[in-house]
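J.: Each chain, letter by letter, is given below.
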Amino acid sequence: MPFQQVNGLRFHVQQAGAGPDVVLIHGVTGDLSIWFLCKAMVTLAESHRVTAYDLRGHGYTDAPPTHYTSADHTADLFALMDTLGIDRACLVGHSFGAVVALHAASLDPERVSAAVLSDPYFPALRHLEDVSRWGHWQNFRQEASDAGVLLSDEHWYDIGKFFDQVLHLDGDCLLRFRRAVGLPGFERLMRLGQTTCGDDSKAVAGLTADRIADVRQPVLALYGEESPFLATADYLAKHLPDCRRALVPGAKHRGPEENPEAFVKLVGDFLNSLSIQRPANQPSITSAHSLTSTSI
Amino acid sequence: MSTDTDSQLLTDVARVLRDALGRDLPGGISLETRFFADLGLASIDAVVLGEALQTHYGRPLPFADLMAEIGTRADRDLTLAALVAFLRRNL
Numbered sequence: 001m002p003f004q005q006v007n008g009l010r011f012h013v014q015q016a017g018a019g020p021d022v023v024l025i026h027g028v029t030g031d032l033s034i035w036f037l038c039k040a041m042v043t044l045a046e047s048h049r050v051t052a053y054d055l056r057g058h059g060y061t062d063a064p065p066t067h068y069t070s071a072d073h074t075a076d077l078f079a080l081m082d083t084l085g086i087d088r089a090c091l092v093g094h095s096f097g098a099v100v101a102l103h104a105a106s107l108d109p110e111r112v113s114a115a116v117l118s119d120p121y122f123p124a125l126r127h128l129e130d131v132s133r134w135g136h137w138q139n140f141r142q143e144a145s146d147a148g149v150l151l152s153d154e155h156w157y158d159i160g161k162f163f164d165q166v167l168h169l170d171g172d173c174l175l176r177f178r179r180a181v182g183l184p185g186f187e188r189l190m191r192l193g194q195t196t197c198g199d200d201s202k203a204v205a206g207l208t209a210d211r212i213a214d215v216r217q218p219v220l221a222l223y224g225e226e227s228p229f230l231a232t233a234d235y236l237a238k239h240l241p242d243c244r245r246a247l248v249p250g251a252k253h254r255g256p257e258e259n260p261e262a263f264v265k266l267v268g269d270f271l272n273s274l275s276i277q278r279p280a281n282q283p284s285i286t287s288a289h290s291l292t293s294t295s296i
Numbered sequence: 001m002s003t004d005t006d007s008q009l010l011t012d013v014a015r016v017l018r019d020a021l022g023r024d025l026p027g028g029i030s031l032e033t034r035f036f037a038d039l040g041l042a043s044i045d046a047v048v049l050g051e052a053l054q055t056h057y058g059r060p061l062p063f064a065d066l067m068a069e070i071g072t073r074a075d076r077d078l079t080l081a082a083l084v085a086f087l088r089r090n091l
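Protein chains in written order, with this note's numbering: chain A, 1 to 296; chain Z, 1 to 91.
The set of hints was computed from the structure by calculation and includes no laboratory data.
A few of these clues could be false.
[As the list claims (entries may be wrong)] Distance windows between CB atoms, simulated:
#, chain 1, residue 1, chain 2, residue 2, range
1, Z, Q8, A, E110, 49 to 57 Å
2, Z, A74, A, L175, 38 to 46 Å
3, A, H239, Z, G28, 55 to 63 Å
[As the list claims (entries may be wrong)] Just some of the chain Z residues that point at chain A, by a computed CB distance under 10 Å:
#, residue
4, A46
5, G58
6, L61
7, F63
8, L66
9, E69
C-beta: ideal position from N, C-alpha, C; glycine also.
Chain A extracted, bound-state conformation (with noise of 0.2 Å):
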């Protein structure tokens, strides 16, 4: 079924295999189409029950005009694995994605088996990037500010006031910016801009750098090898107990479209690692979820 109701609104919802489930998450201004053009829909569904969705706001999913934290996304992707009938999950979340990811496996280890952080960053751990390194910013500012909407860098995380310029924009501006993001691209943001998901994603919402770094579920940093985020990266792999780094051979920021091989490789071998230390009771898993409970 391509679409189920969850918390009131309608999800758009793509499935394929069978075995242990694997739930990807795209990112903001996303879609679940990313999984099928990097192939990790197919690919993965060979050994797991793979489900792709469409983020609240996003793709062929109802946008609500508010509620756009990880915690909000996060309570979706819950209702959504009850109405799926998915008890536990690996999670494999992309940029903002990812930080859905991570915040599901913090609030629940017994639904959350393992998570695939695909190059986030994380409103708690800002401070920890120099942005002028963003490269993918960098180009979006250019090809906005070919279309008329100057953006400055003070504010090269901030969504909502892009959205918010771009909902102001007036006549010839509006065409030259149409013309340049493409219809389709056009239409997401005009829509993700009547909504508080812009300055909902710049909130902690309860992921705290002491939630993150509590997450004791098997974890892969997966970053690009040129990514903006590598410190990120390193704090990730230094600070939470069960989780390793790799690297997207010559990707940026988005590794699923610039390396859509090695990137998939990377994360299907992490996936068959998991069963592999790990066939039945998973005792470490068992332990942190007590821990972490307590802390809740």
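Given the structure of chain A, go ahead and fit chain Z onto it with the hints provided.
T.: The following block gives chain Z in isolation, referenced to the frame of chain A:
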């Protein structure tokens, strides 16, 4: 023979685009029409179109493979001729 089939498949695609994706196609479509560049659709629309075409034909089709193939192309686009050929191969 195959031209007749292609034109029928193209008609099916146009109908599903209209009914499932709510896309009117005022300029019409042809085999040369490009999914993204000409119709202004996004890759997520291709996923939903794939789902809708499977419902239309009442059978599973390897759309995930087709999407993965698009992901490897330089222009990341799909002509309706390629979509029709895909349907002809798999129906």
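J.: Compare the structure with each hint and give your call.
T.: Going through the hints against the structure:
The beta-carbon spacing between Q8(Z) and E110(A), approximately 52 Å, falls within the hinted interval of 49 to 57 Å. Look at A74(Z) against L175(A): about 28 Å separates their beta carbons, and that is not inside 38 to 46 Å. Judged by the Cβ atoms, the range 55 to 63 Å given for H239(A) and G28(Z) holds: they are separated by roughly 58 Å. About 7 Å separates the beta-carbon of A46(Z) from the nearest beta-carbon of chain A, less than 10 Å, and the hint is met.
The interface hint given for G58(Z) is violated, since its Cβ lies 15 Å from the closest Cβ of chain A, which is over the 10 Å cut-off. Interface restraint check: L61(Z) against chain A, minimum CB-CB distance 13 Å, threshold 10 Å, status violated. Against a cut-off of 10 Å between C-beta atoms, the interface hint on F63(Z) holds, since the closest Cβ of chain A lies about 8 Å away. For L66(Z), the interface hint holds, the least distance from its beta-carbon to any beta-carbon of chain A being 9 Å, beneath 10 Å.
Interface hint status for E69(Z): upheld, as the beta-carbon distance to the closest one in chain A is roughly 9 Å, under 10 Å.
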